[in-house]
Amino acid sequence: MEKSIIVTGGASGIGLEIANTALENGYQVGIIDSSENNLENAMSKSKAIKGIAADITNQKEVEQAFDELGSPTTVVNNAGIVRFGALIDQPVEEFVAAVNVNLIGTYIVSRTAARRMAEGGGHIINITSINSITPGPNAGAYPSTKAGVRQLTRQLAIELANTKIRVNSIAPGFIDAGMSTPIYEDNEIRRKRSEAVPSGRLGTAQDIAQAIMFLDSKEGSYVNGHEFVIDGGVVHSLLNQLPRD
Numbered sequence: 000m001e002k003s004i005i006v007t008g009g010a011s012g013i014g015l016e017i018a019n020t021a022l023e024n025g026y027q028v029g030i031i032d033s034s035e036n037n038l039e040n041a042m043s044k045s046k047a048i049k050g051i052a053a054d055i056t057n058q059k060e061v062e063q064a065f066d067e068l069g070s071p072t073t074v075v076n077n078a079g080i081v082r083f084g085a086l087i088d089q090p091v092e093e094f095v096a097a098v099n100v101n102l103i104g105t106y107i108v109s110r111t112a113a114r115r116m117a118e119g120g121g122h123i124i125n126i127t128s129i130n131s132i133t134p135g136p137n138a139g140a141y142p143s144t145k146a147g148v149r150q151l152t153r154q155l156a157i158e159l160a161n162t163k164i165r166v167n168s169i170a171p172g173f174i175d176a177g178m179s180t181p182i183y184e185d186n187e188i189r190r191k192r193s194e195a196v197p198s199g200r201l202g203t204a205q206d207i208a209q210a211i212m213f214l215d216s217k218e219g220s221y222v223n224g225h226e227f228v229i230d231g232g233v234v235h236s237l238l239n240q241l242p243r244d
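Numbering that gives the first Met the number 0 applies: residue 0 is where the sequence shown begins, and numbers increase by one.
If you're looking for bench data, these hints aren't it; they were derived computationally from the structure.
Here a beta-carbon is modelled for each residue, glycine too, at the ideal position from N, C-alpha and C.
Please note that a few of the clues may not be correct.
Unchecked claim - Simulated crosslink set (DSSO-like; lysine-lysine; CA at most 30 Å straight-line):
hint, residue 1, residue 2
1, Lys-2, Lys-163
2, Lys-59, Lys-2
3, Lys-44, Lys-2
4, Lys-59, Lys-49
5, Lys-2, Lys-217
6, Lys-163, Lys-49
Stated by the list, open to error - Ranges of calculated distance between the beta carbons of each label pair, as one might list FRET restraints:
hint, residue 1, residue 2, range
7, Arg-82, Lys-217, 35 to 43 Å
8, Glu-67, Gly-120, 20 to 28 Å
9, Asn-40, Asp-66, 17 to 25 Å
10, Pro-181, Lys-49, 38 to 46 Å
11, Val-234, Glu-92, 26 to 34 Å
12, Arg-114, Ser-34, 24 to 32 Å
Required output: the full structure, derived from the provided sequences and hints.
Dropping the structure here:
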């Protein structure tokens, strides 16, 4: 069966890296993004990628995007937003916006994909975050929304298993790409975070893209309802940061 993939938030950052890596691995590739400028830029660099501008929080726009891109064998819910700052100081409107995009948008795209995959099966991969496991300060609503996506992944995996649709998630750690790029423009933050990772470096968009290729391969076909943490070991490194003596 020919492999096809739709990546939301696929016109830049990690999403574009996923799209390009899928293309290199023989997929037909479609991307959905809210930025028409980013879409034009992505498609100008690769004529084989088809892109549609759509708001993933709008069911009608998502349906129309799938109509144009076709029914995929794989969907990656990568689109997301973050508004940095203390949670109690975050305007309610910003909190709601994060919930709408990160959680409800993922739900809308997932159910749209699942209905179209129902006859032949498929695979939905949601991008969460290590913040879905352990929240960090000044990340606003982001950790809460990603924890919601983590649980949504598990529920969908159970409910859709009898239709031969798998649902998994990937939790990136300190990735030098996408929304985190501005953080690592500060060399001191880059150094400190790199040193905090047991593997000794920041992650890359390619690390995430290759994890997706594994999950979607024959070798990963028995993985379902799982959150694949790609973080160089940082989530489990608390004791490594504490003095021993």
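Taking the CB of Glu-67 and the CB of Gly-120, does the distance hold inside 20 to 28 Å? Because 22 Å falls inside the window, the suggested range holds.
Just to be careful, I want the Cα atoms of Lys-44 and Lys-2 compared with a cutoff of 30 Å; is the pair within it? holds, 21 Å
Whether the CB-CB distance between Pro-181 and Lys-49 falls inside 38 to 46 Å: For Pro-181 and Lys-49 the Cβ distance comes to about 29 Å; the hint is violated.
Return holds or violated for the Cβ distance of Val-234 and Glu-92 against the range 26 to 34 Å. Taking Cβ atoms as reference, Val-234 and Glu-92 lie about 31 Å apart, which means the hint holds.
Tell me if the beta carbons of Arg-82 and Lys-217 are separated by a distance inside 35 to 43 Å. holds, 40 Å
Could you grab the alpha-carbon distance between Lys-2 and Lys-217 and see if it respects the 30 Å cut-off? Roughly 12 Å between the alpha carbons, so the hint for Lys-2 and Lys-217 holds.
With 17 to 25 Å as the target window, see if Asn-40 and Asp-66 comply at their CB atoms. holds, 24 Å
Please verify whether Lys-59 and Lys-2 have alpha carbons no more than 30 Å apart. holds, 25 Å
That 24 to 32 Å hint for Arg-114 and Ser-34 (C-beta), does it hold up? Holds, at about 26 Å.
Tell me if the straight-line CA distance from Lys-59 to Lys-49 falls inside 30 Å. Roughly 19 Å separates the two Cα atoms, so the pair holds.
With the threshold set at 30 Å, check whether the alpha-carbon distance from Lys-163 to Lys-49 stays at or below it. holds, 26 Å
Quick one, are Lys-2 and Lys-163 close enough, alpha carbons at most 30 Å? Since the Cα atoms of Lys-2 and Lys-163 sit roughly 15 Å apart, the hinted pair holds (cutoff 30 Å).
This entry does not satisfy hint 10, going by the numbered hints stated previously; all others are met.
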